[in-house]
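Residue-level listing of the chains:
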Amino acid sequence: MLRFLSAALILFLVLPAAAQEYVPVNQNPDFKAEAVRIAEQFVVPRYEALAARFLTQNEAWKTYCGKPDDRGFEQLGVQFREAAEAWAAVELVRYGPISEDFRYERIAYWPERKNDVARGLARLLSSNDALTEDSMYDRSVAVQGMSALERLLYDEGAAAALKAGDLGAKRRCAAGQAISFNLTRVSKDVLTDWKPLIQKLKTGDEGPAREAVTRFGTDLLMLFQVVGDQKLDVPVGTTSGEAKPQAAQWWRSGLSNATIATNLKSAADLSYMILGSGGPGINTVGATETAQSLAESLPAPLPDMIKDGSQRSKLLLLRNAVRGARDLTTAYVPAALGIVVGFNSLDGD
Amino acid sequence: MQIDRRSFMLALASSFVAGGMPAFARERLYVSACNDAAGVSNLAVFTADGGTLFKTQLPDRGHDIALSPASPDLVVFARRPGDWMAVIDRRNGAVKVVVRSPEGRHFYGHGTYSGDGTLLYATENNLETGQGVLGVYDTAANYRRIGEQPTHGIGPHDVAFMPGKELLLVANGGARTDPASGREILNKHRMEPSLALVDPRSGEARYKVDFGSDLTGLSVRHLAVASDGEAAFACQYEGDPEEAPPLVGLVSKDGRTRMLGMPDEDLYRLNNYLGAICLDGSERLIAATSPRGGMAAFWDRSTGRYLGLAPMPDVCGVAAAPEAGTFIVSSGNAGVKIARAETHDLARVGGSDLDRYMWDNHIEIVT
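Protein sequences appear in the order of chains A and B. FYI, this note's numbering numbers position 239 of the first sequence as 251, with every residue one higher than the one before it. FYI, this note's numbering numbers position 149 of the second sequence as 1476, with every residue one higher than the one before it.
Think of the hints as simulated: they come from the structure by calculation, not from any bench. Be careful, since some hints might not be right.
[As the list claims (entries may be wrong)] Sample of chain B residues with no beta-carbon within 10 Å of chain A, all distances over it, derived:
id	residue
1	N1362
2	H1390
3	R1418
4	H1484
5	L1587
6	S1609
7	P1640
8	N1688
[Unchecked claim] Straight-line alpha carbon distances no greater than 25 Å define the calculated DSS-like cross-link-like pairs of lysine-lysine that follow:
id	chain 1	residue 1	chain 2	residue 2
9	A	K326	A	K256
10	A	K126	B	K1423
11	A	K256	B	K1580
12	A	K256	A	K200
[Unchecked claim] Quick look at which bits of chain A chain B covers, simulated, 3 or more residues with Cβ under 8 Å:
id	segment
13	64 to 76
14	125 to 139
15	226 to 239
16	314 to 324
All of these numbers come straight from a predicted model, not from anything done at the bench. Quick reminder that beta carbons are idealized off the backbone N, C-alpha and C, glycines included.
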């Protein structure tokens, strides 16, 4: 899977003069201005939206746990969806405070390896210790965020267990409340820590700003890799026999398609911010939006389509569209930023 | 890529930047391949504070470097699957000779000199069979290739002498590739990674450690041999991306292996991929770098204790810094830094223009 991206980047790296003449490279990048612009106009507003959604979600859990009823339960699902969408809109950012103290993994533990979320949640629900909001942060990272909440809401039998009105339901409710609170805490911490980082980017020397711009560019390319390789290639497989529908992100809640579309929209937004309108490489944004549109118009949830021979072609089309967008982004965005990405990470040795 | 030796030599001559050894005489010198902003590939000898002794232009990206124990020669190997290696004077960057791989062979990016410096061994691919070989070169005869020995595996990458300089440890990555299909792994589901201890005179394997059917995707690529005969090795995992096997291990001088642990959360951050491994000056500590994870990871070799991660985007090159417990680390887009293993923090290299270069996978110590 990686080899496709590798091949593209390696070509870019070793044949700059001959093959890339048509790609204008920014020879005099203003790293400080660009880093601050992306941080202030792309990153921070999305974390603000995420923090607001997590707060509303936590309120929904408090309301439901105080007075469990169908309307309150419905709200849990509504708010989960909104929170997942808000996360998908900023999921590509791996640089900055989100990379500290496993905050990224605390918000969404995916891909789930070694069944960590299931095992951790089972342990959490079967224990008798006090399940307070403040104590969540010290538990396994795997059970602290959206991945655990999704299981609490959408695992087989989870809704009935949450509505059962017994001690088990109370424990599940306390878990949901504590996890949703933890998400507000983590998102708030991320926002708080962006302020001094932006200040540092504004007032410090060029080194950190150049690193920030490089990381933003790398994160953008990584998004295509994650969507193409992990969110599509792994669950879709090379044949329907190799398909793994349950490897799709958010398959339990049915949000796989919508969050992939939001991921791609965020990539298009960032590409547009970097490339502008009308300049070289503007097709990059259009190609990403095409992929986004294909994800939005999938006729059924991605996990259902994976095993359906007649539907797989639409997923392969989406996969190709993501690759096409990735190739254009790889060609134009690093050049526009005046950076090099993947010199070693895509090297393969 | 194909290179023309004559034009290469001319290019090297024109790009040579003299700095003069005396100014750097008391400082540790490092060597690494790198690209500049214009995309030109170089070999650079530099100090940790950013002084550059020389840069020598290369026709394409280099990979690792071997240093002669008996002469000023160093050899930079072309990045896999390259067909050249360049012998360069470590004092001034002058090119002594460029050696092409013979028909039917290509270099894998690594090699090492014999203890007396008379021979150079390079890991190579037999394109016809896919089997790894050690090309043997006579340094006194202008690095003429005088033979080859088997590596007892597919896809050899790093190679290092064991203490005593009689036996070579070879990391057979297990992945079969062919330049005709780029760097694509042709046997992804049937990889055969192994560590082989080879007698380069007879070609005989003293031991071969296979990784077994459960770990066929665990491609062992890089080595760091301690003076007590134990070697640390670093792997890349080509299997199911959702799996995350340990990536660093130790092999004793008699071939017993054990993998070094680390918390799952940290292991996942390595993204199933390590690009280099190194021991510090005391040989007690291990640093391994993951360019895909943007992390350097540290262990205590004496206890096996995991020490932590240090984040650095596109990090790969790593070598021991003068102070025990510290390493110099380099990146494709974040310059060069000093890493302290115990506290796993990074410090920028002061007053340096090293940030201007994209540093290739490996750093070696010159003096």
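Are there hints from earlier that the structure breaks, and if so, what are their numbers? 1, 2, 4, 7, 8, 10, 11, 12, 13 and 16
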